[in-house]
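Visitor: Below, each chain spelled out in residue letters.
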Amino acid sequence: MDDTAALPVAPAPPPVEDARGGGVLHVALIGNPNTGKSTLFNALTGLRQRVGNYAGVTVERVEGRYRDASGAVTVIDLPGTYSLSAASPDEEIALAVLLGRADGLPAPDVVVVVADAANLERNLFLASQVLELGLPTVVALNQVDAAEAAGVHADPVELTLELGAPVVPVVATRGEGVEVLKRAVRSAPGLPRPGRRFDLPAEASEALRPLEARLEAAGLAPSAAAMEALRLATVPAPGRHLAHVPGLTDAAAEARTRLEAAGLHPASLEAEHRYGWIAGVVERAVSRTGEGRRTLTDRVDAVLLHRVGGPLVFLAVMAIVFQSIFAWAEPMMGGVEALFGALGAAAAALIPEGALQGLVVDGIIAGVGSVLVFLPQITLLFLFIGILEDTGYMARAAFIMDRFMRSVGLHGRSFIPLLSGYACAVPGIMATRTIESPKDRLATVMVLPLMSCSARIPIYTLLIGTFIPPVVVGGVFQLQGLTLLAMYLLGTLTALAVAALFKSTLLRGRARPMIMELPPYRLPRLRGLATSVGHRASLFLKKAGTVILALSIVLWALASYPASEPPAGASDEQAQEAQLAGSALGRLGAGVEPLVEPLGYDWKIGVGILSSFAAREVFVSTMGTIYGVGGGEDEGSATLRERLRAERRADGSPVYTPLVAVGLMVFYVYALMCMSTVAVVVRETGGGWTGVRWAAFQFGWMLALAWVSAFAVYRVGLLLGFG
Amino acid sequence: MDTQTLVVAALVAGAALYLLAKWRRVWAASRPSKGPGCGGDCCGR
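From first to last, the protein sequence lines are chains H and X.
In terms of this note's numbering, the first sequence is residues 377 to 1099.
In terms of this note's numbering, the second sequence is residues 552 to 596.
The shape of chain H in the complex, shown without the other chains (with noise of 0.2 Å):
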């Protein structure tokens, strides 16, 4: 694409000296979800973000900086939105920062919406509304390389005229076009302000003028008064940015009552316009070469989104991804065991016998060293994700989920949510502000810890490689991915039952459509997979390095402390039994067993337990620890795995079998064993003591159901004989 030719830039003026000092120039980016608006918010900043492949990635407040040759700019990334109707909270965010109605943001001096070039009809219903707010606009046509392929060719200079505010095409995922963008972005403020660019019925105008004047009373200028009045006609509360207008929602009735007076349809006055004023742009700015032409990603989706073959194509996927996870990184966890190994014979043999090297090799490199082996199901879990997402196939899967979504009554937006929460429960729940209806919000937050995390990965993947069998099922899958697979589709089913309980009980609703665009089919992108595996990598790393060390240093001195004294005449491993079950975390381990004790768990699992709450993880470094400590001196090379195999009641029976494994799993599949995510529900479920009740309930109920259902996979698998 030839950047500079037909582009109604002018030359860049003189630095625009901020109100607020500096020279600061301060650009908000907006556009529709799924339109490369993160995508082009890094390449304007070079700032590193999640660039996902399905619609709403983006949530939280995202800002970057850049410099041009006038000053510095900097770049907030405004959450991915179909229009400024402020329906949802991300929607409602957005409006209140372009108005500058946000805490601690300054009105923007641009705008940049982002629109995809082969979209445009839709995508122009929100540049239509932010050109009326009369900020300096430009728009970045985005994505044109894929439009052209499809054989879309949309006209920039005729869209400028159209529009009355610059447009630059831009690919940003290869930077065409930014450069250009930012002289736009710079060149801004200096050319008249947009506005309406379709007249409204006179009956209309006449319904829509008290509201637009009581408006520009509380300050709104005069063009965002009229998109606001428009706005309003359309929806039933005014939302909070405009909560200092006195009067409001009486006279946005009234203005309702007079469009209806005049014949006129309040709810479908906005769209009903602009989209007659859209479909004339579109007419006169884009033109279409091979319409109807049949493209690869037609003929692919024709299989993977079939009724009957969609879910076998996507069960499939996933059970050959969870396979590989197993087959793939048993060599590499090997090493890792191997390397955790020789560091814990090397400390041993630097520092004396004493406190310091029992903490250093039975709390330390057990305890951290034992969840570290994970590493290499977790990076090839986020790596087949990104590949998934990247490729466009997560954005099909998400399609296939929401039939079954909205057969259980929860809205289609729920899925990304609930697909973050695969990652980690806290960021998907923070996504849920996508979601409109409180009601439906709440259900999705409700069941969202139920999609198994990666925190669960090294519990199930302990148990698993240690207790099920690698054998050959059906001539191609393995038991162990297929496990696997089952703990994951028992968590998203289970999300889906208590959905639809709730939706038809405690938050009744009916559910709503979603609008959903499926991108092309293309190749992964190598850079962007490595920065997000390396950034879920790093995570897990930090979180191994603070909180789980940290934890095991404690756990060891409760497991070693009070030292007590051995029995006559006991073996070494006997004394070092007796230690811990005389420790404080014996003693407490002694408490809880009774609870646990249905379940067919030791006291030992019941600590494991409890400890994990402050991440699910440190289950795995608990059993490293306690068994570091309890481990006698000929058990100071094996592995974890290896110990738990080997672990034996006073009666000799073993303590974990395949049924105590599937038990185990099944209660963290179930159990909401992690404080970060208590605390985010507590906030999101409205903080103070409702958010406290809200994520009491929730705590509550999941673990009496990890509860009795791990009772009842025991009792039944006992009663059958798989004891």
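By construction, these hints were calculated from the structure, which means they are not laboratory data.
Virtual Cβ for every residue (Gly too), placed ideally from N, Cα, C.
Any given hint might turn out to be false.
Examples of chain H residues lying across from chain X (beta carbon under 8 Å, computed) [stated by the list, open to error]:
hint	residue
1	Thr625
2	Gly652
3	Ala655
4	Leu726
5	Ala731
6	Leu732
7	Leu735
8	Val847
9	Gly921
10	Val923
11	Leu927
12	Ile929
13	Ala933
Following the hints, position chain X against chain H.
Guide: Chain X only, in chain H's frame:
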């Protein structure tokens, strides 16, 4: 008290203090955020 025990006591105390500080931060995060336009009251209330 020998040197090893002293070092161990310091490490355990440091780890416990770190965890306390971490839990305080987590609890502080449970208060409604002040995101753009949020003002602490648009997040689910």
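Visitor: Run every hint past the structure and note whether it holds.
Guide: Evaluation of the provided hints:
The interface hint given for Thr625/H is violated, since its Cβ lies 17 Å from the closest Cβ of chain X, which is over the 8 Å cut-off. For Gly652/H, the interface hint is violated, since its Cβ never comes within 8 Å of a Cβ in chain X; the closest pair sits about 30 Å apart. Given the 8 Å rule on beta carbons, the hint for Ala655/H is violated: about 32 Å separates it from the nearest Cβ of chain X. A distance limit of 8 Å between C-beta atoms decides the matter here; for Leu726/H the minimum to chain X is near 13 Å, and the interface restraint is violated.
Look at Ala731/H: its Cβ gets to within about 4 Å of chain X, closer than 8 Å, so that hint holds up. Of the supplied interface hints, the one on Leu732/H holds, with its beta-carbon coming within about 4 Å of a beta-carbon of chain X, less than 8 Å. Evaluation of the Leu735/H hint against chain X yields a held restraint, the C-beta minimum of about 5 Å falling below 8 Å. Violation of the interface hint for Val847/H is found here, the shortest Cβ-Cβ separation to chain X being roughly 42 Å, above the 8 Å cut-off.
The criterion of a C-beta within 8 Å of any C-beta in chain X is not met by Gly921/H, whose closest approach is roughly 11 Å, and the hint is violated. Below 8 Å, beta-carbon pairs count as interface contacts, and Val923/H has one with chain X at about 6 Å; its hint therefore holds. At its closest, the beta carbon of Leu927/H sits 7 Å from a beta carbon of chain X; the interface hint therefore holds under the 8 Å criterion. Restraint check, Ile929/H versus chain X: the minimum CB separation of about 4 Å is within 8 Å; hint holds.
For Ala933/H, the shortest C-beta to C-beta distance to chain X is roughly 4 Å, which falls under 8 Å, so the interface hint holds.
In this structure, the earlier hints numbered 1, 2, 3, 4, 8, 9 are contradicted, and the remaining ones agree with it.
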